[in-house]
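Chains as they are written, first to last, in the numbering used here: chain A, 1 to 434; chain B, 1001 to 1216.
Rather than coming from a laboratory, the hints here were simulated on the basis of the structure. Take these hints with a grain of salt, some might be off.
What the hints assert, rightly or not - Below, in silico cross-link-like pairs of lysine-lysine (DSS-like), each with a Cα-Cα straight-line distance of 27 Å or less:
1. A/Lys363 to B/Lys1107
2. B/Lys1107 to B/Lys1137
3. B/Lys1183 to B/Lys1137
4. B/Lys1137 to B/Lys1191
5. A/Lys363 to A/Lys395
6. A/Lys283 to B/Lys1107
Claimed, not checked - One-sided excerpt, in silico: chain B residues whose CB lies under 8 Å from chain A:
7. Leu1089
8. Glu1154
9. Glu1156
Claimed, not checked - To give an idea of the interface, some chain B residues facing chain A are shown, with a C-beta separation under 8 Å as derived from the structure:
10. Asp1061
11. Gln1084
12. Glu1087
13. Asp1108
14. Phe1111
15. Lys1137
All C-beta atoms, glycine included, are put in the ideal place defined by N, C-alpha and C.
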Amino acid sequence: MSGENGDVNSQRSSDGGLHAVITGLGRSLILVGLTGVCPALWAGAAAWFFAATGSAGGTAGFLVGIVGASVVPVARPLAQAARKRLSLWTGETLHASYRHVVPVRRMATGYWWNGHSYQRLRFVALAQRWLRARTRDPVAWLDVIWVVASPVIVGVAAAAPPALVLMGLVGLMGPGLLPVILPVVAVIGLSVLSIILGLALAPLGWRIAAPLMRLLLAGLPLVGSHRLAALLRERADLTQAQDAELQRIARDLHDGAQVRLVAVGLAIGAAERVIDTDPEHSKALLREARDLSRGALSSLRELVHDIVPPVLLERGYIDAIRALALDVPVPTTVRTVLRERLETPIEAAFYFAVAELLSNVIKHADASEISVLVERQGEHVVATVTDDGRGGADKRLGSGLAGVAARVAVFGGSLLVDSPTGGPTRVVVEIPCG
Amino acid sequence: MRIVLAEDVFLLRDGIVRLLESYGHDVVAAVADGPSALAALIDTSPDVAILDIRMPPSHTDEGLRVALQARQLVPGLPVLILSQHVEQLYARELLADGLGGVGYLLKDRVFEAEQFIDAVERVASGGTALDPAVIAKLLTGRGQHPLELLTSRESEVLALMAEGLSNQAIAQRLFLSEGAISKYTTLIFGKLGIEADENANRRVLAVLSFLRSPRG
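Between the sequences and the hints, there should be enough to build the whole structure, so can you do that?
Set out below in structure tokens:
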């Protein structure tokens, strides 16, 4: 960090003293600005209100109102600016672990999803997201405390050195400006003392403020707040995926079974009309109806298979993986000694993860053999999918692997990829199963 | 023929009973769940059982389990499984005892009344009736397999053979002479390393047991 290096150098160099004094004063002034601007504006507004109305009670109410209305929107920018300063000056990065903000996206229903609720209008979804991020996030409330408390606890410490210097300068330049109670010599002496004290404190003032900043701005050392953010992100991903799934299912039903069933009805109706006049034609129409209904069945069958493979429902994940291995076009062996069933959602997640890994191998790896090993490792169920293909698989490349990783992450699972160029590729997926 | 039918959906059960009866068969028991199907199979010892795979109480693979259980008690008891989906895994389990008298068909095959009755009769007489969809999966699901050596015509013949059709029936389906078909079967067995046999069932079983066996 350049800030850190600069700081260390300035202390060690020969003219370090002067440098430290100047940077100290500069930093103190910046801190005063950062922490003081809000109270100054609030005080100014209150003074204007008092001047206009002359009512002390009204002014107090006005002050509460204006602080309340303005503190939430300004809290985050001010806190972030202070964090940035501190990291530039000391090199320590303060993680503001705000909650993850979900992109506002349009769903199949035409509504907007903001990670919390569905809204008909986009700007309502955006506004709600904005407000939630600032009112439902503990870190956001720490920001508010920072804005209110920092003028007193940080601002005063930071303001002391420049204030002392300023007082001294004023005393020196215009002793006459002050209401002279003391002899001029004493005023000059005190002013010089004040300047010296201010300059001496300059390198320290902002440093005294630093621990206080750290205390408030380091965010909450919330246990698992990053985990929480990750979970929210995953939930949003999952919502997207489910939405896409539902759209596809609806489309398949509409274009497949529904159309065919309408045609069945039409064919039967036509057959009914001609059954007396043209029995042969009627028979042909009924045959057509039968073929159409078979088509509807087969399209429904495929759809059902995609939603929940029948074997998964009937036998559980191990046999479902075995059945899948028999159907894929690359010879695939499944090895496992596991028999017990898991909870249905875990089984489904695990099955679909393995299914996607297999389909990845078939699509990309150019493999001639795949092996799947399913085993328990402690509290996890683990599948190791190995193929002798060309390797070079990467879960970062926005591939199917990234999708698998995202989906198992929702269940607290993980994905490991070992795929040197030229193969062999080994992908391990694991999901906690309790 | 005396037939036991187990199917939990009334409309379908009723329809299949009427279909079977219209072809002169006798449905001795028409039941709606697994346990009563097993009881009926043991009590009435029918010529063939037609079982829906998904039935109460478990609503999973009840029919398949009843079939396997019944065949353990009465080896070779002919069973025809009906399902909304076909799985190689289940086909293999049904064929595992190598005794024949096994059928596994998609439910929509009952639309083709004559072919369906034909399949029922074939199973009852100890043959096999596998759904073309299973056969298709068996044939396409393998990569580096001797089956790849087959020409498309030979694969076609093998598929029909695996369905349980005789050479004569295959010849009719493919509009070829019976002699041509028997030439094809000889070629197929040669390529797959199976000894030819005039008995249609053993032929099918040989093919299927070959497909079942681990690659090597």
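These are the hints, each one checked on the structure:
| no. | hint | result |
| --- | --- | --- |
| 1 | A/Lys363 to B/Lys1107 | violated, 32 Å |
| 2 | B/Lys1107 to B/Lys1137 | holds, 17 Å |
| 3 | B/Lys1183 to B/Lys1137 | holds, 25 Å |
| 4 | B/Lys1137 to B/Lys1191 | holds, 20 Å |
| 5 | A/Lys363 to A/Lys395 | holds, 15 Å |
| 6 | A/Lys283 to B/Lys1107 | holds, 22 Å |
| 7 | Leu1089 | holds, 4 Å |
| 8 | Glu1154 | violated, 19 Å |
| 9 | Glu1156 | violated, 19 Å |
| 10 | Asp1061 | holds, 4 Å |
| 11 | Gln1084 | holds, 6 Å |
| 12 | Glu1087 | holds, 5 Å |
| 13 | Asp1108 | holds, 5 Å |
| 14 | Phe1111 | holds, 5 Å |
| 15 | Lys1137 | holds, 6 Å |
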